[in-house]
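**Student:** Listed below, chain by chain, are the residues.
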Amino acid sequence: MSDAGHDDHGHGDQSPFIQHHYDDAQHQFDSGKFGIWIFLAQEVLFFSALFVAYVLYRVHHGEIYSYAHKWLDVKYGAINTAVLIFSSLTAAWAVRAAQKNQKTLLIACLATTIACACGFLCIKYIEYSHKIHEHILFGRYFDPCVSPGGEELLTRKNMCPGSKGSVIWDAGSDKPTEGCFEASKLDLDTKLAGVQADCEVQIVKVDEKGKEQPGGTPVTNQCPDELLTILNGSEAGTGKELVKEAAPKFPCWRPAYQPQVCPDLTTPEQRNHGAGMKSQVGILVEFGDHEEREGIKIKAKCKDASAPKPMDALALSHEKPTEHVGERAIKPVHHISTHEEHEIESLGPPPEHTSMFLTIYFAMTGLHGVHVLVGIFVFIWLLIRAVKGQFTPDYFGPIDFAALYWHIVDLIWIFLFPLLYLIH
Amino acid sequence: MATTEAFPESLKSLPQAPVTEPDFLHVSKGWKSWAFTLDHKRIGMMYLFGILFSLLLGGSFALLLRTELWSPGRTIVGPDTYNQFFTLHGAVMVFLVIIPGIPAALGNIIMPIQLGAPDVAFPRLNLASFYLWVSGAILLVLTIPFGGLDTGWTLYTPYSLETHTAVMVATMGVFLLGFSSIFTGLNFLVTIHKFRPQGMGWFQLPLNIWAIYGTAIMQVLATPVLGITVLLLTVERFAHIGIFDPTMGGDPVLFQHFFWFYSHPAVYIMIIPGMGVISELISTYARKPIFGYRFVAYSSLSLALLSFLVWGHHMFVSGQSRLANMVFSALTFTVGIPSAIKVFNWVATLYKGDIRLKTGMLYGLSFLLLFTIGGLTGLFLGILSVDVHLHDTYFVVAHFHYVMMGSTLVAFLGALHHWWPKFTGRMYNESLGRTCAIGVFIGFNTTFLPQFVMGARGMPRRYWDYDPQYQIFHQISTIGAFILGISLFIVVCYLMASFWTGAKAARNPWGGSSLEWQAPTPPTLYNFEKPPIVHELYNYDDLVEVAPDRWERLSDAPEYQGAVPVASGSKEHH
Amino acid sequence: MADHADHHDDHDENEISHVASVKTLVGTGGTLLFLTILTVLATKIDFGANINLAIAMVIAVTKATLVILFFMHLRYDRLFHTVVFVSAICAASLFVGFTLMDSSQYQHTNIWTPSEPPAAPIGPRPTG
Amino acid sequence: MKRVLPVLLALFIGTSAYAQAPGGSAVAPTPANAAESVPKADPTSGSNSPTMGDAGSATTGNNQATSGSAGTGSGSAATSNAPAPAGAKGPQPKAWYDVLADKPIEEQGTFWMPKAVNQAADESDMMFYAVLALSIFFFVAIAVAVVYLTIKYRHRPGHKAEPSAAHNDVLEITWTVIPTLICVFLFWYGWHSYIRVVTPPNKAVEIDVLAQRWNWTFTHENGVTDSDLHIPANVPVRLVMTSKDVLHSFYAPAMRVKQDVVPRRYTYAWFNATKPGTYRLTCAEYCGTSHAQMACLDVDPVTDHCNRRAVVVVHKDLEEYERYLNDKVADQMNMAPVDLGKMLYDKKGCSSCHTVDGSARVGPSWKQPDWGKDIQIVGGTVKMDENYVRESILYPAKKARPGFPNSMPPFEGQLKDRELDGLIAYIKSLKQ
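Chains as they are written, first to last, in our numbering: chain A, 284 to 707; chain B, 23 to 596; chain C, 92 to 219; chain D, 9 to 440.
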């Protein structure tokens, strides 16, 4: 991105792009090279703040990272890394071509670099649009549809067919109230088996003015809780097959954690500041055939939870004892456990403020994406100048400096990829 | 002003103004020649006018602020307007005046000539930095019609996330100003490295250039963190990403770490160019070489590096842990040492000199006194137990005004008067200059000395309404503020007036020994008509005053052309 | 990319700055791709979160040094450019280090989940 | 501007005291505030806050510039007895502890600082005076050197600069080593006394502090809440602080204590008050419009100056503090709803945004003549009755009145039902 551009009156036989206040081409190139290196130092500092945020939240709240990394697709990340490395190679090659005055090779390399960069942005677009659709976003917009599921990604389509929008939770033991269960009323064993509840569920038609039609159809059977079958089916392998062939009859209901579902019970401060309260759980009806259901209302009458299940070994190991250090009671920060435990934990509802991981993810990859975009424009401008044949063995500065900028952008992605995608 | 030293009459006939080609002011006409200029001197002058205007704007907010504090409760405005006064005063002064002040305005004009270079390394980047500064300034000033800004120049969250004032306009303005500062720093680093003439090694560089070098390092390595912080704050406000918002898991103390990691080097970006200028003023007007050149040069550099270690002392009581408080308090004291060394060296330079009390020297001497008070009161705030009582009180306000205004702005005015004849070709009115220098000194001390006492007595900062026991101090401070304001306004007036009424300036009115005094007054487009001769640094024996405010080098006299002046320094090229 | 560069004069020269040979370019590119695949495979084996992170970082640092030395010509370039880049890395790591040191000291006083604030003596004792 | 002459006089005496005070204390840095006779603070004397008096008289009373004597300034007690503050006309007289809280703030102390009342603070005071002496010494040395050298070597006809050494390594080393040693000492001693200031003893009276936009709420161990901090003397008190919205800072100058209050986090402060009395309590971290008037109970109608801000009331001993806790709980229990409402109007800082005389301030006035009729709200009308008032207190944004800024924090979870009924009763009682 340096600006050693061109000026009409050069120094005699040298390339016309050697500016007059430089002694010669070497002086201009050395100044430009030193300038771009300072610019790269500034870029490192520009990204350093985001690395600080990343390190801080990983050290203090590792549980968010081990939970939320399931939403990042390692396949896409790996392809992007390969694409960027290849474009870095072609950029370096373009410099060589310019130095040796091989004009066609120069143009080919520049074109490939631009193509790869655009490829990188396309893959980025796919990832982002997927997350936006799934509401796996930062801050207030973090509202993923989460429920116990099998191996594949917990996307909205396969695991939460019931349309979230139109389903209005109706629950409560004795007096029927709008809204959802209080955490205390349910055996909320978030770590293990999801939510247990004993309710009669009814689907009631609702016309467009929101008035309920009489005579709702009861939903008798409860969807089998895949998670329970996984765990009780001894090794993980058999558990999955078990779930597949005993396909539940649709529609079936099951309790699920649905953070954004109960706006009216959250306090105004919570509402305009964060996703709904974790402790609010509701009833989700699954229709199994993937299209959204409009104009229906789910009414559920549930009995209070039975005595809480005895904690088994895995859950007990999760109970974090509060250590007393001198007069300070410190609840130990999440000690990073094995990958397998993460997998089970990541099936339950998300830990508090999981949106922070997505904030950091979007900030880092977003800022990096902007730098890739800027790189594309710079290379297009260089391509135009290369086609016009302005680069000669004694004037190839812009190519070299743009390549250096591109290598730094690649360097930052080389660190972003393992830090964000390969979390254990 | 008879001088004992005899000098050949031919010295009097040496040309002062440019001979072979027109000077840079008249080489081309029309606003386009200024708007799209690549000449570092014109860009520097455009910066200078912008900065002087911002100084008057920021100063007027200060006067409104002080008038409101004349009496407890409402004097002229309500609390919300007062909050906007002190915020805009802080933001305009810090981002528009003090940070670009000496490096961008005077640095752009003088540094390349002092280096003997035709121009800065990247002229177009230099112009781009200026327009970044202009657009940033416009955005910052645009906050006023869009609802003002009432978060304090520090923009602390979560208040800056919730207030309904134009925070986003301000943060975008600061973002652009940050990049203007980065690119200026980058430009100067490359220029100092790659454009030194033959025979000017690192230890033949004037101390002003050492200071600008140290400043450029900080500008390049610290300002990007301000860029990312301000960008995150803007995104946080409109997209609620939650990184600084405690209700969504964010951490306000994390914002303070991000902010002060930049802002402490920023306060050194403000003071170190001032120190560089002071070394030039003291040495030239005392006709004595700087005492301990290497120590002063190394202390500029060490200050630049140490400034990255101490940002935590702004956060002793803001929720920072005790361990971090201890570490930052210890490191803060290491930063005090280089400044002390500099002050001792300047005082030692005055010994056995021939001190001429021109306006520049008056500002230089008042810098010495005011910077000493500023530095010493920093000791109070560095000690943890004393800082618990003094933090966020008027003691801190007085301390940083002594360092920012009392030192940097006084050095800026000294530098302005010192180099004004060189780049405008006009002399300013000396008597008016001296009275205003004394006016600034008296006004400044009347304004801020009472604030030390008020702060120690527990008067918190940014208070619209205060207990009546502080009224007496506020009244004295307001009177001082008006004296200061008037003096500064007169300075700007007579400097502008000097364009028309000023006497023609000589090539070397003050007898300076560095390269810029060999350039014609005002310099040509590429600064020198004939390549400058690098003389021994800060050596004034060769200079003699041929007429009032006109010095010549004996070796320049035609008779002595034979004797080649001793060109010191190794042949090392960059 | 058909490499129709002239093979015979292997020692490429350019009076302005160093020319990277095709061998170094392709070699570095290949190694980088290989290391990428390696780091992805490494996540399949479960050494425990910390060690996995360490492996990923070691691979990332090696890839980074490869890019800097060969693609960015730092090995053949003026030493001062390395000084500039390393000082940027130092400033950034200083920033990370100090902030982490501070925040890990006060993290236990944070009210991370509003419904379960930390117990006394960190939080307030239950008032009557 | 009516008293310019004494102002300048005060400055010069001030500066002279400025020069003297530390000199005196620098020699023998015994704590400047040696114990001196404590004017018996009679809790029942009902004189009102000093700041009610007009600006001029109150200041000379308090600041010790004129006394000129170093060390113990003879702070004269409060000035003239201003009319009882508005609202005191209520049926029963103010409770004894409120009278104690309204007592004028006597801030004796040296020219520089109010007298330290916190046991752990004496060390930091000594530190302050030591560094003050050090700074004065260095400043005077450099100033004299500069002035002397400028005069001695000023330019005059025939005077030339004599050559002198351009550098002297020995001199340079000395004036590098000496400042370094001083700095190491300053750091070590500062750190040593800082640790004592921030480490609370294990057994301390714990008080929970909730800071919110523009008032403090202190909750004692028996559940009593108050907007003034009542503490026993000579007993260590530990504050566990958190903020409801933005950053605030608990700053009691006499206690030499300052600690920011961060939302969604606990921060701590502790002190051990040695002398009973009433001391200033201010917010030191910028927090918006009424940052300068945290928990202001009595606003001067003309200049909006806050006469009575939240204060730290130090009771004689633990027994009187217990008496305060019990009386307060009792008063809150059997207080008539209207009086409870009136007390909350003052204590919760409602006066800083709502008036009771019909004129609008930041928010609408509580004197609502059209009680029971429909009133205009944003997007429609609603009947002005108990439910509307209750809901607007808990969730102000729901049915906001047009033309007012939406800056009132929701009080849901803040007020007990009894307090809510009291407020509504008080608002209703104002309608005539």
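Keep in mind that the hints were calculated from the coordinates and are not lab data. Hints may be right or wrong, so weigh each one.
To be verified - Subject to a maximum C-alpha distance of 30 angstroms in a straight line, what follows is the list of computed DSBU-like cross-link-like pairs (lysine-lysine):
no., chain 1, residue 1, chain 2, residue 2
1, A, K383, C, K114
2, D, K391, A, K494
3, B, K374, D, K168
4, D, K168, B, K526
5, C, K135, A, K407
6, A, K492, D, K102
7, C, K135, A, K353
8, A, K492, D, K407
9, D, K160, B, K374
10, D, K406, A, K494
11, A, K414, C, K135
12, D, K102, D, K439
13, D, K283, B, K34
14, C, K114, A, K386
15, D, K102, D, K160
16, D, K439, A, K494
17, A, K488, C, K114
18, A, K671, C, K114
19, A, K492, D, K406
**Student:** Quick check: which numbered hints come out false for this structure?
**Tutor:** 6, 13, 15, 16 and 17
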